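Novice: Chain residues, written in single-letter form:
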Amino acid sequence: MTEIEDVQTNAWRASVERALADGEHFAGAWATSRGKNPTWRALLTSGERSRVLSCDVTAGEIESIVDLVEAAGWDEREAHDLYGLTFPGHSPMRALAAHPDDPAQWMIPVSGEGVHQVAVGPIHAGVIESGHFRFHVIGERILAMDPRLFYKHRGLERAAEGLHTDEALTYAGRACAACSVTNTVAYAHAVESAHALQPDRELRTARTVLLELERLYNHLHDISAICAGVGYAPGAMAFAALKDRAQQVNMRSFGHRFLFDTVRIGGGDAQLDATAAGATLGDLRELRVDSASAWRELEFTSSLQARLDGIGVLGADDARRLGAVGPAARAAGIREDARSTSPRLAYNGFTPASLRAPTGDVASRLRLRAIELESTYDILEELLARPFTSGGTTSVGAGSTLGIGLVESPRGATICAVELDGTRVGRLHLRTGSYANWPSLAHATADNLLPDFPLINKSFELCYACVDR
Amino acid sequence: MYILLRQLATIRRQAHLTRGQPRSLAIRHVDAGSCNGCEHELTSVTNPFHDLQRYGLDIVASPRHADILLITGPITRRMSGPLHTAYQAMPEPRLVAALGDCALGCKILGDPTEIIGSADDMLPVNIRIPGCPPTPDAIAEHILTALSQCG
Numbered sequence: 001m002t003e004i005e006d007v008q009t010n011a012w013r014a015s016v017e018r019a020l021a022d023g024e025h026f027a028g029a030w031a032t033s034r035g036k037n038p039t040w041r042a043l044l045t046s047g048e049r050s051r052v053l054s055c056d057v058t059a060g061e062i063e064s065i066v067d068l069v070e071a072a073g074w075d076e077r078e079a080h081d082l083y084g085l086t087f088p089g090h091s092p093m094r095a096l097a098a099h100p101d102d103p104a105q106w107m108i109p110v111s112g113e114g115v116h117q118v119a120v121g122p123i124h125a126g127v128i129e130s131g132h133f134r135f136h137v138i139g140e141r142i143l144a145m146d147p148r149l150f151y152k153h154r155g156l157e158r159a160a161e162g163l164h165t166d167e168a169l170t171y172a173g174r175a176c177a178a179c180s181v182t183n184t185v186a187y188a189h190a191v192e193s194a195h196a197l198q199p200d201r202e203l204r205t206a207r208t209v210l211l212e213l214e215r216l217y218n219h220l221h222d223i224s225a226i227c228a229g230v231g232y233a234p235g236a237m238a239f240a241a242l243k244d245r246a247q248q249v250n251m252r253s254f255g256h257r258f259l260f261d262t263v264r265i266g267g268g269d270a271q272l273d274a275t276a277a278g279a280t281l282g283d284l285r286e287l288r289v290d291s292a293s294a295w296r297e298l299e300f301t302s303s304l305q306a307r308l309d310g311i312g313v314l315g316a317d318d319a320r321r322l323g324a325v326g327p328a329a330r331a332a333g334i335r336e337d338a339r340s341t342s343p344r345l346a347y348n349g350f351t352p353a354s355l356r357a358p359t360g361d362v363a364s365r366l367r368l369r370a371i372e373l374e375s376t377y378d379i380l381e382e383l384l385a386r387p388f389t390s391g392g393t394t395s396v397g398a399g400s401t402l403g404i405g406l407v408e409s410p411r412g413a414t415i416c417a418v419e420l421d422g423t424r425v426g427r428l429h430l431r432t433g434s435y436a437n438w439p440s441l442a443h444a445t446a447d448n449l450l451p452d453f454p455l456i457n458k459s460f461e462l463c464y465a466c467v468d469r
Numbered sequence: 001m002y003i004l005l006r007q008l009a010t011i012r013r014q015a016h017l018t019r020g021q022p023r024s025l026a027i028r029h030v031d032a033g034s035c036n037g038c039e040h041e042l043t044s045v046t047n048p049f050h051d052l053q054r055y056g057l058d059i060v061a062s063p064r065h066a067d068i069l070l071i072t073g074p075i076t077r078r079m080s081g082p083l084h085t086a087y088q089a090m091p092e093p094r095l096v097a098a099l100g101d102c103a104l105g106c107k108i109l110g111d112p113t114e115i116i117g118s119a120d121d122m123l124p125v126n127i128r129i130p131g132c133p134p135t136p137d138a139i140a141e142h143i144l145t146a147l148s149q150c151g
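Taken in sequence, the protein lines are chains P and U. Heads up: the first sequence runs through residues 1 to 469, numbered per our numbering. Heads up: the second sequence runs through residues 1 to 151, numbered per our numbering.
Bound conformation, chain P alone:
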């Protein structure tokens, strides 16, 4: 159950400031336009606890908090573009979800002798999602990069409003295929927490298995993509094949290569009897042996390794300041992982992965994923040792109208906020790990060579679809 604290407009900044001083973390903010006035809410977390600061925005404006929490920058820009809120103190307010014609309205101004722009996208050269990058460069060196996303804005959050909570699940799921399990589990957690429903052991197991299978194929894919970013074809193809095998396991065990439609509110469609659990475990053990030996090969491939060190550095201070999450943050030395604070899932005693020397570069982000693959195999090994049914939930008290789900996706902590009107969705908001990390990616590209951008981009491997929504 999430505690909500109502705050007056003029006390907003002070409340956020106090929360941060008390050690709470900013985890996202969203606007709603359900009542007479728009409402502006922020999620604050500390360990397993989370609470929401809520504020009725009477005159359409509310003081910015970006100078206190830089990570709130994108949230404020989005609320400005989609909900018409203004944030005094956030200046210049650059467009994020809106696409004005005038470049000055969305780009960082960069000028000087020899500075020129390189425009890339929205259509890219490979099979890549659509989005635009504007590089400001001198020669080959990047001074700054502006990502312009939301080309694929489908208005999923608005479209989900007014739907029954069961129906709206698909909107969270189809926001992004590669994070589909994470986003639907986060949504289910949000709705269940609002209804004061507690998942039983079977349901916790089933969802954790699905989440780890999603992480498995994504991490294998990301390692393949980093090899491709360097032009190392044997590595790219070997890990592409391993990823495909992981997706074949998904297909055999749960009927879909991306595990679509396996999560439901109050239950699920994922269960394995003893034979099926054993077969899945057998497949995964074979995969583990082959992915470990393929990884050892990468570690000793000097032409690959020589390209990774010192590229696209995101230091710990910057990662913290910009609100980085997931492997990108852990590779910078921030030992945070939502799995270690997930009582609604079966991650008992989980400790976040860490590197001996977290350098925050492409090499660290690659190595961290390889380490996390091992813990994913370990978790699956433990959970698949016994059969499980799809499980269910038990009621634990009175419900509320607002629920929060917080789940670690392959790209980092993903938040789903759901506000309810009875059995219907009043507001659905997804703030995915990718959304949190785009500002960090933009920051990490500065001072690198333009031809290294694809490699840096692949080392973060952020989704566009679950940002654009």
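By construction, these hints were calculated from the structure, which means they are not laboratory data. All of these numbers come straight from a predicted model, not from anything done at the bench. Honestly, I wouldn't trust all of these hints.
Said to hold, decoys possible - Label pairs and their in silico Cβ distance ranges:
1. P:Thr423 <-> U:Arg128: 36 to 42 Å
2. U:Thr145 <-> P:Arg201: 45 to 51 Å
3. P:Gly282 <-> U:Gly81: 48 to 54 Å
4. P:Asp102 <-> U:Cys106: 21 to 27 Å
5. P:Asp166 <-> U:Gln53: 23 to 29 Å
Ideal Cβ positions, reconstructed from N, Cα and C, are used throughout, including at glycine.
Fit chain U to the known structure of chain P by using the hints.
Specialist: Just chain U now, with coordinates in the frame of chain P:
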């Protein structure tokens, strides 16, 4: 590298990959608003299990080099312009393929003011590949069938 190449050779052997006839067709992909599922599967078509390139089919970097425009996702308001530009940039004769249920207009999710519609609403579609997302096998099969009908 030896172990990686051996793993790949084993996969190819076990997948019983055959060689295609010598011919060539270039595909340009445009994501018009997809959830990234179709992109993952389209990428998988070139992995060692499927190896679409053995049929002379390749995914190219520019619409100028392409015979087929392959569209994924429902077409969003913001992507309709770039999609149209890509189509205009292609040499004739050209084909249009709609990949996945969204591009085909089935069960499109989203706010109607943000979405133009399906591929059919914008361009003449020649090849239809259903699925959510279509599996790499289905993608390969549909494109190869279309190729054989082209003669």
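Novice: Now look at each hint and say whether the structure bears it out.
Specialist: Going through the hints against the structure:
The hint said 36 to 42 Å for the Cβ distance between Thr423 (chain P) and Arg128 (chain U), and at roughly 37 Å that hint holds. Between Thr145 (chain U) and Arg201 (chain P) the CB atoms are about 48 Å apart, so this pair conforms to the stated range of 45 to 51 Å. For the hinted restraint 48 to 54 Å between Gly282 (chain P) and Gly81 (chain U), the CB-CB distance of approximately 50 Å keeps it satisfied. For Asp102 (chain P) and Cys106 (chain U), the Cβ-Cβ distance of about 38 Å falls outside the hinted range of 21 to 27 Å, so the restraint is violated.
For the pair Asp166 (chain P) and Gln53 (chain U), the beta carbons lie near 43 Å from each other, so the given range of 23 to 29 Å is not met.
Checked against the numbered hints above, the structure breaks hints 4 and 5 and satisfies the rest.
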